[in-house]
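Asker: Following the hints, put chains B, C, D and E in place on chain A, whose structure we already have.
Okay, here's what each chain looks like letter by letter:
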Amino acid sequence: MIYVQILLVSLGCLFFIVGTLGLLRFDDAYSRIHAITKADNLGLGLLVLGILPSALSVPQGLKLILIWVLVLAASATASYLIAHYIKQHQLSKLPHGARPDTTADGQDAEPDPTNERGPQ
Amino acid sequence: MNLIPLLLVIPLAWALISLLLPRLPLGPIAVLGMLVQLIASALLWRSVQLDGAARYAIGDWMAPLGITLVADGLTVTLLAMTALIAIICAVYALFYLRAHPHEKRYFWPLFWFLLAALNGIWLAGDLFNLYVGLELVTLAAVGMVTLSGKRNALAAGLRYLYAALLGSLGYLLGVALLYSAYGTLDMQQLSQLMENNWTTQAALLLMTLGLLVKTAIFPLHAWLPPAHGGALAPVSALLSALVVKSSFYILARLWLDAGSGLLPVAGAQLLGVLGASAIFYGGFKALQQKEIKMLVAYSTVAQLGYLMLVFPLATGTSPAAAMLAWQGGMLHLVAHAFAKAAMFLSVGTLVLAVGSKQISALAGISTRIPLSLFAFGLAGVSLMGLPPSGGFNAKWLMLQSAMTSGQWHWVIVLSLGSLLTATYIFKVFRVSFDQQAIDQGKGVVARAHWGLEVSALLLAAIAIGLGFAAALPIELLSLPQLENGALEGVSP
Amino acid sequence: MNLAFDIVLGLALLLTALGVFSSKDLFRAVVMFIAFGLLLALVWVRLDAPDLALAEAAIGAGLTGVLMIDAVAHLSANTLQNDQRDDQYDHSPKRPLWLPVISCVGLFVLLLGAIRFRPEASVSLPDMVRDNIAESGVEHPITAVLLNFRSYDTLLEIAVLLVAVVVAMALKPAAEDRVHQPPPAHDPILHGLTARLLPAMLLVGMYVLWAGSYMPGGAFQGGAILAAALVFLQLAGFAVDRYAASLLRLGLALGFLVFLTVAVSVMIGGRPFLTYPEGFAGQLIFFIEAMLTLSIGLILFSLFSQNPPHSGAVGHQGANHDQ
Amino acid sequence: MIEAHTAWYLASFVLLLTLIAGLLRIWHGPNPADRMLAAQLFGTTGVGILLTLAQAMQMPALNDVALVLALLATIAMVAFVKRMSPQQGPTKSQPEDQP
Amino acid sequence: MTSDLWFALMGVALIALAAFTFFRQVHLLRRILAFNIMGSGVFLVMVGMAQHQRETDPVPQALVLTGIVVAVSATALALIIFRRFYSVSGQVELDEYQIEEPTQNEDHASDTMKDNINSLQDALQSDDEAPAKPSASKGDQ
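Residue numbers (my numbering), protein chains in the order written: chain A, 51 to 170; chain B, 45 to 536; chain C, 113 to 435; chain D, -16 to 82; chain E, 557 to 697.
Hints are supplied without guarantee of correctness; some may be wrong.
Below, simulated DSSO-like cross-link-like pairs (lysine-lysine); rule was C-alpha separation at most 27 Å, straight line [claimed, not checked]: (1) C:K284 - B:K194; (2) C:K206 - C:K136; (3) B:K148 - C:K284.
A short list of chain A residues far from chain C (calculated; beta carbon distances all over 10 Å) [claimed, not checked]: (4) G72; (5) R75; (6) D78.
Listed next, the stretches of chain D that the computed footprint assigns to chain C, with coverage defined by at least 3 CB atoms under 8 Å from CB atoms of chain C [as the list claims (entries may be wrong)]: (7) -5 to 7; (8) 13 to 20; (9) 32 to 44.
The hints are simulated quantities; they were obtained by calculation from the structure and are not laboratory data.
From the three backbone atoms N, C-alpha and C, an ideal C-beta is built for every residue, glycine too.
Excised from the complex, chain A in its bound form (with noise of 0.2 Å):
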């Protein structure tokens, strides 16, 4: 048991490093996005399934859910927010030119959240 807690905490931790190392290489706001949402949330649910084994009670091991859950959510929207706030102020430079979906009236494809798993 004790070795696949330890697998799973350094899984969390590798993702979480890898989402910061996004954050830092990647040059274009966009793509940041994509590693810290994706990469952050996933090393958080590895770390907190790690940690869920030694939880002291069952209530204690339901709030770390919780917590993994409502970060899920927060983090979903704030990106979505984000790559809204960026679109509007075209404050990122577009890698490989204007994407043609931008219609007319500026209304363009509305994104899919990435992992908008928030309780429906």
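Answerer: Below, chains B, C, D and E alone, put in the same frame as chain A:
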């Protein structure tokens, strides 16, 4: 002995009333509340006079754990002074605020919170409790300065807030060091535990710096003139008479009561030099002012310098000289409070009547608004320290203390200071008794409301009255504070 | 291993503070300040003070960060309209160097000496707290100190909060309420999140309030979370401040009113000020804390909502007299 | 085998290092949006550190701190998006140190 | 070299840095940031020193909790007054470099006072007169 918390509860209760029920006639209710406050402080004065100082443990928890309120001779005198000045300022504000409907809406809650904080500071015996009291005073005072919402009021309020917050942080840092060194926050316990080492000296130095900023002593005074000069008349009266004194009161408690042996003579002399430079700098700047309210504000900076002279006169000298200095200093604090409040109120009436803050605009008003100018004159007499007034008694005691302890340089400073005060007060009289302006009958002057003039006169009369009945407060001031007398072994 | 963690954490805290001070761009300084608040919460955890970590996270990283961002937004909104130069670069002159350097070095040396020569404390308050915790009515020592041993400090501190909001209301010209705020853009995703996050926030706020009596938590942290929930609603587009205006005054002063009435009514039974009757300390403290949470939530929220609108016409004399 | 709580400390130490790496993006971030992204990252990583510290220091109270931080992490981002943009028209992209 | 002492030293460093910035900067918002960080430094010193070589002490932690709430209300008030000042005057710093007293220019002062008189004494409706215009320009106050 439930009187002590009553003095704290009344202002807080009235603050809630004036906040929650704005449609009520808040002015008269405030004056009523102040009457109750005045009676309570008079009763407390009587009980302390009869059976000595009292300690009151809040929440029934004893000293180091809980907070204790201390009501000794000095505290009771200051409580009575605060109640008296506040009731007259409330009466004055009642009439004055008719011309300022916007300010009236939020003046009274801030007035009551300021009063509650001041009473909290006079009564407090716990260092951190003093910090929260200081913050409450600062925020309420800044709120009152910025009430009008105009550019200059906001700038003055910001300057005041930044300086005061920095001062509070300095004070809090000192409290943090003292707690880490001695493990307790109660002043009486600390006075027995404190001995001379780097941490205590550093803590007391930081607290002194913080409190000097809040008392606007010479090098750190930049925030006071715009704040007190620009505010409404009753607000500047309250600020100059009471708020600036609260931080000085804590400084005096720290050095002369709790850490009575710790102030090095050189340090005391340095504080004296700061005081002297404040007297001269304030006096000269007051002389140069074009506006009457700025003149009075710089006069406050000058008069606060006198208070700082208590430290060199009281440390390292014979107990008799030290007691004289202590009595003189505290009497000056009280006399200046009444005189300065009277001066700011009378100036407020003059400015309202004449329509301009410029001193030159006051030309020839001696015949038109004699009552306010008379109040201004009486207050000036007390500030200058001419014989019948309370100011004279205070300066006389300090002079005696300086002579008995052989510190002649302070004698020179005291006398020159009084001379300087006289110059800038007579500057106003020279303008207002200008015979040529009187003949021309220049400038139509509006009749000011009788309430404004009478309240200014009442305060000035008390300032002069202190000269005659000085024995009453002095006898109480020298009451030995509980077991460890402020200045050991001094019989009243 | 944990010492290494502490050393790196301390250095990171210092680095962030340096970032705040040396950053030319104002917005960068504010974001660094938010990071500073978060690191400070971790420092409080390492100093074995979970209460302070909770308060720092709720008030420091949460509310103060939002207030700062709002202020920078206000500055950049007007600067960009006035002149096109980059708003956030700080072009204001600097003060002469002698005072900052003296105060910095002087404070550093003074405090180092104060730490170095600290005498051994002769009075131990933690033992006293432990001895008296039984009668205080709560198990958590910090809540006991805050609401029983030193409850007068807390009473004055609520007064400080109240004064801050009274001044905020005093500075708000009546004309500003009548001016119609532009309807916020309707954002489906944000509304979805608010609908789900709000109940969670209120629930956590009440949980933290309830937990205060036996583990870290309490009125202030609960109030801060309630305020954050209200700010969230306001930002998401629901004009909370307009609804709050009606019950604002009562809500603001409710906590203080209850605290004062309890403090005074106990005196009728002959007990000293602020002494809880023997058997009821626990329930009374919780009742006061619940009211305080509500009031602190409303106060901190109105400290956010009473600010001037960003598009306030800059430079003209605000029409403050509303007659 | 190293005992449990040093392992947890190791995990929290690694996460702290990633947090500090995030500071670089705040410092260099060409535009405000990148800085707010890093602040968002701080929120999540902060929750991670708090959870691991809760195990390392055997303090269940830290889970509440993590819960509160998880809730409040997004409020700064929402404030930034909602308050930073309404008045401005499309601003020119920040000229300064474009990598 | 316990962690309490280390964080107290960090507090000292923060206080010193914040003091430097507070006196160096003129921009009001930066000075609020410096004030906040100095406050945090003071709180670190208070808790760190009180718990250095001693057991965890709830009293300074309660004091710091009170301090944090007081600091947040002071900061919020400073921000509100600063933003009111900015929306009225368009300045981000106090006018240090002009004369110290507020620039009470002549007409501004007498206008406000005049409408006070009018509201107070509507009987004396003599609007045309103006109090003797002093020659002193506002510059050399």
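Asker: Run every hint past the structure and note whether it holds.
Answerer: Verification of the hints:
1. For a cut-off of 27 Å, the pair hint linking K284 of chain C to K194 of chain B stands: about 12 Å separates their Cα positions.
2. Taking the CA atoms of K206 of chain C and K136 of chain C, the gap is near 12 Å; set against the 27 Å cutoff, the hint holds.
3. For the hint linking K148 of chain B to K284 of chain C, the alpha-carbon distance of about 14 Å falls within 27 Å, and the restraint holds.
4. No beta-carbon of chain C is positioned within 10 Å of the beta-carbon of G72 of chain A; the least distance is around 18 Å.
5. Remark: the non-interface label on R75 of chain A is consistent with the geometry, its nearest Cβ contact in chain C lying 20 Å away (cut-off 10 Å).
6. For D78 of chain A, the requirement that its beta carbon stay farther than 10 Å from each beta carbon of chain C is met, with the minimum near 20 Å.
7. Residues of the segment -5 to 7 of chain D with a Cβ under 8 Å from some Cβ of chain C number 8, which satisfies the need for three, so the listed coverage holds.
8. Counting residues of the segment 13 to 20 of chain D whose CB falls under 8 Å from any CB of chain C gives 3; the rule of at least 3 is met.
9. With a cut-off of 8 Å between beta carbons, the segment 32 to 44 of chain D has 8 residues touching chain C; three or more are needed, and the interface restraint holds.
Checked against the numbered hints above, the structure breaks none of them.
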